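Protein chains in written order, with this note's numbering: chain D, 1 to 119; chain S, 1001 to 1205; chain E, 2001 to 2496.
Since the hints were made in silico from the structure, they are not lab data.
Fair warning: this is a prediction, and the values are worked out from it, not measured in the lab.
From the three backbone atoms N, C-alpha and C, an ideal C-beta is built for every residue, glycine too.
Treat the hints with care, as some may be off.
Some, not all, of what chain E presents toward chain S, calculated at C-beta under 8 angstroms [as the list claims (entries may be wrong)]:
#1 Thr2069
#2 Lys2072
#3 Ser2075
#4 Ser2076
#5 Thr2077
#6 Phe2078
#7 Thr2080
#8 Gln2082
#9 Ile2083
#10 Ser2084
#11 Ser2106
Okay, derived cross-link-like pairs now, DSSO-like style, lysine-lysine, Cα gap no bigger than 27 angstroms in a straight line [unchecked claim]:
#12 S:Lys1012 with D:Lys10
#13 D:Lys87 with E:Lys2072
#14 S:Lys1044 with D:Lys18
#15 S:Lys1039 with D:Lys110
#16 E:Lys2475 with E:Lys2435
#17 S:Lys1088 with S:Lys1172
#18 D:Lys95 with S:Lys1172
#19 S:Lys1200 with D:Lys110
#20 E:Lys2463 with E:Lys2253
#21 D:Lys18 with S:Lys1195
#22 E:Lys2174 with E:Lys2220
#23 E:Lys2490 with E:Lys2435
#24 S:Lys1172 with E:Lys2072
#25 S:Lys1054 with E:Lys2185
#26 D:Lys10 with S:Lys1044
#27 D:Lys103 with S:Lys1012
#28 E:Lys2475 with E:Lys2436
#29 E:Lys2240 with E:Lys2174
#30 D:Lys103 with S:Lys1172
#31 D:Lys87 with S:Lys1128
#32 D:Lys103 with S:Lys1200
#33 S:Lys1097 with E:Lys2072
#34 E:Lys2049 with E:Lys2024
#35 D:Lys103 with S:Lys1128
#36 S:Lys1172 with D:Lys92
#37 E:Lys2240 with E:Lys2165
#38 S:Lys1128 with D:Lys10
#39 E:Lys2061 with E:Lys2024
#40 D:Lys44 with D:Lys70
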Amino acid sequence: MKILVTDDSKMARKMVIKTLNEDIEENLEIFEAQNGQEALDLYKEISPTIVFLDLTMPVMDGFTALEKIKEFDNNARVVIISADIQKNSMDKVLKLGAFDFVKKPIDSTKMKQIFEKIK
Amino acid sequence: MESEINLTEDEKDCLQELMNVAYGSATAAITEILDAFAKLSIPKIQIINSNELKSYLSNELDLEVEHLVSLQQINGSISGENMFVIDKQSAINIAYKFGLEEDEIDDNEISDIVLEITNILSSSTISKLAENMDTNVSFSAPTIKSLTSINQLNNLSITKYKKVIIISTELKFEDLNINAELFILTTDNSILYIKEKLNKILDSL
Amino acid sequence: MNFNTNKFDIICNTLDNGIILINKNLEVKFWNRWLEIRTGINSSNIIGKNLIDFYPNLDSKKLIRKITTALKLNSSTFYTPQISKFLLNIELGKITDRVFDNMQQSITITPFDLEEELVIIYIYDITIISEINYQLNEIKEEVEEKNEKLKLLLDTTMDAIILFKDDLIIDCNKVAIELFNYNSKDELLNKDLKKLIINKKILEKINDKPIEANILREDKSSFKALINIKDTLIKSQVFKILTIVDISEIKRKENLLAEQSKLAAMGEMIGNIAHQWRQPLNIISITASGARIKKELGILSDESLSDSLKQISYTTEHLSETIDVFKDFLKENKEKSLFNLSHNIKNNLSLIETILKENNIQIHLDLDNDIYIYNFSNEFTQAIINILHNANDAIKNNLNNNDTKIIKISTRQEKHKAIIEIIDNAGGINQNIIKKVFEPYFTTKHKYQGTGLGLYVSHKIIKMSMKGTISVSNKKFIFEDKAYKGAYFKITLTAN
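Work out the full structure, taking the sequences as your base and the hints as a guide.
Structure (C-alpha cells):
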C-alpha cells in the first residue's frame, strides 16, 4: 500500500510514520512531501491509497492541496492531520471532500480506525 | 555549559511541532470559551541571550499606545513566565466579547479579562506542551501592569540566567479588531530539561 | 464521589483557608469551618442553597464565567487581588489601625469534577499583606513627591550641583549636565572628580570658601567659574558636594565694563586735552598775530619779536608736555615703577586744570614731597583723575557761581603707609547711595555722576591693581575760617 505523508515539519512526518509502522500490519510503502505542491506532484506520480495532509504549510497549504488533489482524482482519500482543530476548519475540509479530519498527534486508535474505513 | 543551552535543528523542529499542537488546542479552547473564532499564529521559537531580552521586546512591541501586560509564573520542571501583551483598545473589544456592556467596562474589568485570557492561554498552551513532554506544570495567579515604556518591566533583569527561550505568537480574532501577543519565557534549566525531553521524543521516532 | 471521608474532613476544617465546593449554578455543596466562623453562616444552612441567596451583591456573572472557564480548561482560574479585593464580603473585627473594612481575599477556582461540573473555591485571607502593601504605597508616594520637589529645587537653582561618593559622581542636577556640555546624566555618572576638575591646584585650594577658577571641559572648551566643594556625612559615608557657578557672563561684563570705563576715561581725557589746548593755542595765535600786525605797522622791535617768539616757544613746550603726559596716561601700565606721589598728583592736576579753572575751583594742596610709591603710576593717575572729575561734577551741580568752590588734596606718610585725602565742598553724597558709589551704575541703577563708572574704576584700581584701600564718607572741614561739607575720599597705599 502506498502512503503519502505531507507536512513541512520533519518531526511531524516522523510521528505519523511511526504510528503507521507501529499500528498498521499491512505492507506499507511510505512517501514524504514537504508542502502542498510536492504532495500534488507526488500524488499524480504514485497514486497513493491514502494521503495524510497537514493544513499549515508554505508554498501551498493544506486546503488548496486538498482541493487540487480532489480535482485531479475525485476518489482520493485525503486525511487531514492538523494542530488547527477549530470547527471552522473542520467544516471547510469536510466540504472540500476530505476523507477524515484528525487532531494532532494522531494516535493508534484513530489510525486503525482510518484503515478500517478503507476496507 | 553555555554552548549546551541551545537547540539543534532537529530539537527546534520537534519543539515547533509540539508547540503547534499545543497552540492548536489553545485556539480551540479560546474559541469555545469566548465563542468567537480565534487565531493563534504559528509560534515563533527563538533562543536569545538574556541580556538581549529587553531590547528584543522593545523592538517587538510598539509601545506608542497604552498596553496592558500580564505576567504569570510557570512552576514545575518547565519553569518561567508567560507574558501576555495587549493594547488597551483590543482589551476593551475582548471585554465586549465576554458579554460585558459598555457601562460595565472599566479599568478593573478590563484588567480582569486580560488576566483571564492570560490564564486561558497558559493553561492551554503550556499544559498541553507539558502533557506532550510527559511532565507536569502549575501556574501562579497572574499579575497585571499598564505599560507605556519598556523600562517599566523591571523584572526583566534576569541576569542570573544566560539564555531565554522566547515562544511568541499573535492572537487575532476573526470578527474583531484584537491584537495581542503571548511570550513564553523559560530559562537555562528549563531549556536543558526541554532539550532532554525533546531528545527522548526524537529517539523514539 | 465520597467526600465525607474523615481524614479529608479534618484537613478541610482545620485548614486556615476558606473552601467552598460549588457547581456551575452556584449551588454550594461544601462549606468549611473557616468559613463558618468568619461568615457566621452555618454549613448546614448553606449546603444545597445558592451562594447568591447569602451574598446578593456578589457579581454572579463573573463567578459563573470563571467557574465555566476552569471546567472547560480543566485548569485553575483566579481572582487577582490587584483587581478584585474580595469575593465574599466579610467584615473585619479589627478595632485598631484599620486600613480596610473588609477582609481582602485572594481566590483560586480549581476544577473538581468535570462531569458534575463542580469546582473548589479556595479563599485566602490576605488582609495583612494588603495593609502592608497599602502603607508601602503611601510611603512610596510620599517619597516620590518629596523627590519631585527636591528635583525641582535642584534644577531651578543656577548652580551646578554634583554629588560624589568615593570621588565618583553619583548624582548631579540639570545645570551641571548643561554646564559641562553633556547630553545626559549618564555621561557624567561614575566620572572621577579628578577627571572633571583637571587642575589639581583648584582642588587643593578649595577649603570651605569658594574660589574663582578656569574649568576645562572634556571638549576642550573652558569657562570661568566660582567653585566650592563641601564634604558631608550621610549615614556614616563621606560624600562630596561640588557647586559650580558659571561666571563667564559676569566676567565678560566686567571686562566690557573695564573697557567701557577706559573708553569713557579716554573720552574725558580728549575733552580735557581739547580744553587744555584751547588757551595755549589762543596765546600762540594772538602772539603771532600781534607780532605780524606790529611788523605791518612797522613797530615791531627786536625785543618785542624776541618776547613774542619766547612766548610762542614756551607755550608750545607746554603743549608738548601735555601731550607727553596724556600719552603716558593712555599707555597701559604693565610694570610697576617707583614714582613720587606729589609729582604724580601735580601732573594729574595739570591734566585737568583747565576744567577746574573754568569752574573756578580752588585747589588746595598739602603734599609731602618725599613720599615715593612703587606701583602702577598710570593707573594711580587714572584713579585720582576720576575722583577729581567727580568732585568737579559735584561742585558744578550743587554749588552756585558765587559760592566758594574748594578741592583739598593732602598726602602724608604714616609708617609704611602713604595716605592720600581728597575732599570737596559740594555738600556730600546722598546717604542712600554713598555705600554704592564704587559700584558700576548699571548694577545699582544710580547715576552718581558722569558715566557712573569713574569711581568704580578708581575703586578697582586702588583695591585690585594697587592692593591698597579706598574709602568714602561725608565730612565737614574748616577752610579759611569757614565750615564746609563734602565728599571725603581716603586712599591708603604702601609707601617705599
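Next item on the list: If any of the earlier hints don't hold here, list their numbers in rising order.
Entry: Violated: none.
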